[in-house]
Amino acid sequence: MSVDTPSPIHLRRPGGGRIVLRCLSYLRPHRALVVGAYLLLLINNVITLGMPLIIGHTVDQGIRAGDASVIRLGAVALLALALLRGVLTFLLGRWTEVASQNVAYDLRNAIHDKLQSLSFSYHDQAETGQLLARAIGDVDRVRFLTGRAILRLVEVVTLVLGIAIAMMVMNLRLALPTLVIVPLLTYVALTFGRLYRPLWGAIREQISELTAHLEQNLRGSRIVKAFAQEPAEIRRFDTANAKFFDLHMIASRTRAMYLPLLRLIASAGIIAVILYGGQLVIREELTIGELVAFSTYVGQLLVPVRRLGMIVSAIAESIASGERIFEILDARSEVEDLPGARPVENVRGHVRFEHVSFSYFERNPVLKDIDFGAEPGQVVALLGATGSGKSSVINLVPRFYDPTRGRVLLDGHDIRYLTVASLREQIGIVLQDTTLFATTVRENIAFGRPDAGEEEIIAAARAASAHDFIMEMPQGYETAVGERGMTLSGGQKQRIAIARAILKDPRILILDDATSSVDTETEALIQAALARLMKGRTSFVIAQRLSTLRQADQVLVIEKGRIAARGYRTTEHTAHDELLRTSGLYAEIYYQQLRPRELDGHLRKDDSS
Numbered sequence: 002m003s004v005d006t007p008s009p010i011h012l013r014r015p016g017g018g019r020i021v022l023r024c025l026s027y028l029r030p031h032r033a034l035v036v037g038a039y040l041l042l043l044i045n046n047v048i049t050l051g052m053p054l055i056i057g058h059t060v061d062q063g064i065r066a067g068d069a070s071v072i073r074l075g076a077v078a079l080l081a082l083a084l085l086r087g088v089l090t091f092l093l094g095r096w097t098e099v100a101s102q103n104v105a106y107d108l109r110n111a112i113h114d115k116l117q118s119l120s121f122s123y124h125d126q127a128e129t130g131q132l133l134a135r136a137i138g139d140v141d142r143v144r145f146l147t148g149r150a151i152l153r154l155v156e157v158v159t160l161v162l163g164i165a166i167a168m169m170v171m172n173l174r175l176a177l178p179t180l181v182i183v184p185l186l187t188y189v190a191l192t193f194g195r196l197y198r199p200l201w202g203a204i205r206e207q208i209s210e211l212t213a214h215l216e217q218n219l220r221g222s223r224i225v226k227a228f229a230q231e232p233a234e235i236r237r238f239d240t241a242n243a244k245f246f247d248l249h250m251i252a253s254r255t256r257a258m259y260l261p262l263l264r265l266i267a268s269a270g271i272i273a274v275i276l277y278g279g280q281l282v283i284r285e286e287l288t289i290g291e292l293v294a295f296s297t298y299v300g301q302l303l304v305p306v307r308r309l310g311m312i313v314s315a316i317a318e319s320i321a322s323g324e325r326i327f328e329i330l331d332a333r334s335e336v337e338d339l340p341g342a343r344p345v346e347n348v349r350g351h352v353r354f355e356h357v358s359f360s361y362f363e364r365n366p367v368l369k370d371i372d373f374g375a376e377p378g379q380v381v382a383l384l385g386a387t388g389s390g391k392s393s394v395i396n397l398v399p400r401f402y403d404p405t406r407g408r409v410l411l412d413g414h415d416i417r418y419l420t421v422a423s424l425r426e427q428i429g430i431v432l433q434d435t436t437l438f439a440t441t442v443r444e445n446i447a448f449g450r451p452d453a454g455e456e457e458i459i460a461a462a463r464a465a466s467a468h469d470f471i472m473e474m475p476q477g478y479e480t481a482v483g484e485r486g487m488t489l490s491g492g493q494k495q496r497i498a499i500a501r502a503i504l505k506d507p508r509i510l511i512l513d514d515a516t517s518s519v520d521t522e523t524e525a526l527i528q529a530a531l532a533r534l535m536k537g538r539t540s541f542v543i544a545q546r547l548s549t550l551r552q553a554d555q556v557l558v559i560e561k562g563r564i565a566a567r568g569y570r571t572t573e574h575t576a577h578d579e580l581l582r583t584s585g586l587y588a589e590i591y592y593q594q595l596r597p598r599e600l601d602g603h604l605r606k607d608d609s610s
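This note's numbering puts the last residue of the sequence shown at 610; the count rises by one with no breaks.
For the record, the hints were derived by calculation from the structure and aren't laboratory data.
The beta-carbon is built from N, C-alpha and C at its ideal position, and this holds for glycine as well.
Keep in mind that a hint or two might mislead.
Said to hold, decoys possible - List of simulated lysine-lysine pairs, DSBU-like, C-alpha gap at most 30 Å:
{"hint": "1", "residue 1": "505", "residue 2": "115"}
{"hint": "2", "residue 1": "536", "residue 2": "505"}
{"hint": "3", "residue 1": "369", "residue 2": "244"}
Said to hold, decoys possible - Estimated spans, in silico, between C-beta atoms of each pair:
{"hint": "4", "residue 1": "560", "residue 2": "473", "range": "38 to 46 Å"}
{"hint": "5", "residue 1": "47", "residue 2": "344", "range": "58 to 66 Å"}
{"hint": "6", "residue 1": "406", "residue 2": "255", "range": "46 to 54 Å"}
{"hint": "7", "residue 1": "288", "residue 2": "192", "range": "36 to 44 Å"}
{"hint": "8", "residue 1": "588", "residue 2": "418", "range": "37 to 45 Å"}
{"hint": "9", "residue 1": "185", "residue 2": "83", "range": "27 to 35 Å"}
{"hint": "10", "residue 1": "289", "residue 2": "48", "range": "18 to 26 Å"}
{"hint": "11", "residue 1": "289", "residue 2": "185", "range": "26 to 34 Å"}
{"hint": "12", "residue 1": "349", "residue 2": "574", "range": "20 to 28 Å"}
{"hint": "13", "residue 1": "47", "residue 2": "288", "range": "17 to 25 Å"}
{"hint": "14", "residue 1": "289", "residue 2": "36", "range": "23 to 31 Å"}
{"hint": "15", "residue 1": "94", "residue 2": "283", "range": "40 to 48 Å"}
{"hint": "16", "residue 1": "432", "residue 2": "242", "range": "34 to 42 Å"}
Required output: the full structure, derived from the provided sequences and hints.
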């Protein structure tokens, strides 16, 4: 693996102090644990500062004076202080860890809640792997920041200050040349942190990219294998992995240069004490005990100073992770409750599109001047080629997106001034690409109404023609369906989705009636279930079957984001018949797509019989 040509690194924006303060703000609910831990830390540092004085006294008044009782007393005192330090270290470590784990818990909940509240436009652009890396890896780095990293930094600062004061009180002449190294050490440590922070930010970004690659390959493994693209996907992953390797090598070179430099500067302090302190002892300006105590202080100084480099690098890593987390938490949803929004009540189901235009991410418009109305209980069928804008129309009804221009009304009210939650409670959705969760059949059906009773769930399953195949499963309604319902057939998944919508009992339905991938018998069951589901509800159907068009009260033909033709059911004719007479585009779609599909359906019925 070559590391000579590093991958480009984009320096992250400044504001590390602000990020640290924001991370620490999550400790507020756990302030009692934090205050207790830091009080114990200060007590621990006082004990640490007192031990060299006991050692110096024992050397001068015990060993040098030949007084065994002083030696014994000094040994007992040092042992007692060491035991007390052990207990205090355990408690402050425990309390700090509990507090920081609570921060991680709160952050993960906050990220999850935020991702649930963000609009579809955010998820359209975000990669799942990136979000997973931030919710797990980056949260753990922030946990370390709010726990041991800041604790160690406070320990270093207070201990260095305490040692400096103690050394100057003991012997100012010996202390000054020794303490000269402290500002130099601080400067080198901060320089290291300033360089290391953007490196770690780039590494975390690359971890997210690797996670995204892996997640996509696992999710699409069947497609990769079906198209024999394993070598290409391996090469793509290897490229991303190589970049990750290069970044780590740059980071390791930075650590390899700065950490030994910190140790070298710190070691100079010991050399200064030995050279100059030895001369002072010879001139009888310093006792042996004081020199030993002074050397012990320098040794104590080296430990936190050596840690400083690692602490600074850990804080730099955590700041980079905190930035990535707050990018999610600060993201603003394009769809949210407007000021004064109120819950929707007594819904009749009258939906009106008033000159609606829409574009994704402010690019080329997808919908242009869509204007139509659906009366309560009507079925509106949308027909058009792939990419014509049918899905965009139905996505505006539950406010998955908001119109760029115009407005969508429900019972005369602009849906932007209704609370999102109450609006979506009135809408049931059954699409061809059915999403089920990796839990039981019962929980999937009751997803929209978790408080539903057993009889209601079974009644919904019966209405969706799903009860019989559910009872044939090993554990009936308690059977786990696997990730995304992979243990079920397409028809079974769709009927469970229909049962879910029936149980929710919405006033408005959004449906995709495509059943081309199921057998004739299953298709008939699904169509019967959909007919029961639509009864008495305002329904928007992406039509791909002639039978749906014949049953629709209104048919809209969408072409390039516009309503190119429309037909209405009357007492004399269906919307389909009207469009067949009046719209050349509809006739073309009928004879090229719908008619052959209808004939194919008849042939399948004949074959099955």
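Self-check item: Violations among the numbered hints, reported as their numbers in ascending order
Solution: 3, 14
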